[in-house]
Amino acid sequence: MTAILFIVFLILLVLGFPIAFSLGISAFIYILFSDLPLMVIPQKMYAGIDVFVLLSIPGFILAGNLMNASGITNRIIKFCNALLGHIRGGLGLANVGASLLFGGISGTAIADTASIGSVMIPAMKKEGYDMAFSCAVTASSSTIGPIIPPSLPMIIAATLTGLSVGKLFMAGIVPGILLCVGFMLVTYIISVKRQYPKSKRASLRQIGKSFFQAFWAIMMTLLILFGIIGGVFTPTEASIVAVVYAMGIGLWVYRELSFKAIPAIILMSAKTTASLMVLVGFANLFAWIMTVEELPQLIADSLLNLTENKILILLLINLLLLFVGAFMETIAALLILFPVLLGVAVHVGVDPIQFAIIMVFNLVIGLTTPPVGVCLFVASSIGNISLEKIAKAGLPFLLVSLFILILVTYIPGISLWLPGLFYD
Amino acid sequence: MKTHFPYLDKILSFLVVTSFLLMIAVVILQILARYALPWSPNWTEEMARFCFIYMVALGAGLAIQDRGYVSVNTLLDQLVPKARKRLEIIILILVIMLMFTMFVVSIPLVKIVSLQTSAAMQLNMSVMYASMTCMGLFVSIYSIFQLLERVKTN
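Going line by line, the protein sequences match chains A and B.
Just so we're on the same page, the numbering used here is the position in the first sequence counted from 1, plus 4.
Just so we're on the same page, the numbering used here is the position in the second sequence counted from 1, plus 68.
In short, the hints are calculated from the structure, not lab data.
In this text the structure is predicted, and so the values were computed from the model without any measurement.
Among the clues, some could well be false.
Said to hold, decoys possible - Simulated pairs of lysine-lysine, BS3-like, Cα-Cα distance not exceeding 27 Å: (1) A:K393 - A:K130; (2) A:K48 - B:K179; (3) A:K314 - A:K129; (4) A:K48 - A:K393; (5) A:K202 - A:K213; (6) B:K179 - A:K264.
Stated by the list, open to error - Calculated Cβ distances over 12 Å to all of chain B for the following chain A residues: (7) A7; (8) F21; (9) I45; (10) S122.
What the hints assert, rightly or not - Coverage of chain A stretches by chain B, computed from C-beta distances (three or more under 8 Å per stretch; other residues unrestricted): (11) 245-255; (12) 261-272.
Each residue gets a CB set at the ideal place from its N, CA and C atoms; glycine is no exception.
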């Protein structure tokens, strides 16, 4: 019976049904064949969405869009370029650095690829960088975004299991920075090998000036983080504070945002949120059916029957997640698998916070790998170049991601040190 | 893209933006109340959730129009136009079936929960659950628009 649920879901997914409706329709078909009432569809949809922490999602999406409309992307890129431009492959390095800073105001990788890519990919091409390489740097480095706070996947993970959003946000910082350093190293080595250009060293004055411009973006990240950690506001409140902050900066500091433009930005953010919440709601229905069928227990038992060795279990889970991440969108995969796998991980003694980071890390790697890597799609449409070429050029970056994934998986301190510092 | 009911678009968009703004206002009030005001209303969280759920329910249909739902198009992109059109029509029909069912079965659900009231605002819970009826209805309507358009174009 549960086989129907999964087989139908996978078939619909491959046929090109939106993921949200693939989940909904497969659950619907399952319900028709079982003795469950159809009423559970709206019931579970409602229960999945009516959660206060989820309110932070439209807030962070809107804050990111407002900052973007205020011209923050160009300012961040200018600052990174002033700082790193004089090193060989400077523009590539600035691309990675900008992803780190941009990750602090947006919660998804796809937004990072689109915003930074539309500026950086043409710029890198103009300076003589290989197109596939430029797209690969952009797509890969944008995966830093959902690991650095604020992060939509982390909010979802917290919602599902009642973990603290603040702790999850803190736990992502060190892995995110490691990823950034790793990507920069690869970019530098390749740039030296291929003799990519470097620009003149920016004067201290120029760096200072560009820093002041990017400063307000960095402040927003810090405001969110310290607001939550300090207990000044809840994650939802922090997201709304970020909205107000972004509006203020856009209207009165950068002066690139007009009052007139705001309703359209709100509407766009609301629609993005709505489609995401339909996904969350149907995933909740899907997950509920799995629980009725005692599937999570079955999966947990069969994994634990294979081995109870912590190292092996984590390895198995990583392989499973990398595979799932290659085919499925991050949040959908998280919604269905996180509660199931968390039980297994905790059973073998992994900290839930660390496990959330491992899980998100695994899934975002899939954003840059075929067959279904949304960041690849976006980069390829900006650069007008085939997916295969970008994927190939992205191989060194993929290896870095995998290496850091191993570190995060087997060294708990990388994720747990910072939250421990602030929370215990 | 040509819309079938420009008024429906406008009304829904207006309501969606209004609920978002109201949600922002209520959360700001919640923060202010805690730090600056002598009283803290206990209804702010519930009110914010109410705005959020209606923003989602009403925005879900509009998102169909924008093709805002993530899907895996690897197979679709490889099909010849005629087969692609057929598959897209099938997808829309199944989406309509699902969402219309949700619309229909949410009506008795709304009646059942009308016996409950919310904790803080004493709001009848059927008002909250009616959002699911709206979602089912508007996603169905916009999917039907898409379907008609797809059938017409060659």
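To see whether the hints hold, each was checked on the structure:
| no. | hint | result |
| --- | --- | --- |
| 1 | A:K393 - A:K130 | holds, 19 Å |
| 2 | A:K48 - B:K179 | holds, 16 Å |
| 3 | A:K314 - A:K129 | violated, 46 Å |
| 4 | A:K48 - A:K393 | violated, 42 Å |
| 5 | A:K202 - A:K213 | holds, 21 Å |
| 6 | B:K179 - A:K264 | violated, 41 Å |
| 7 | A7 | holds, 20 Å |
| 8 | F21 | violated, 5 Å |
| 9 | I45 | violated, 5 Å |
| 10 | S122 | holds, 19 Å |
| 11 | 245-255 | holds (count 3) |
| 12 | 261-272 | holds (count 3) |
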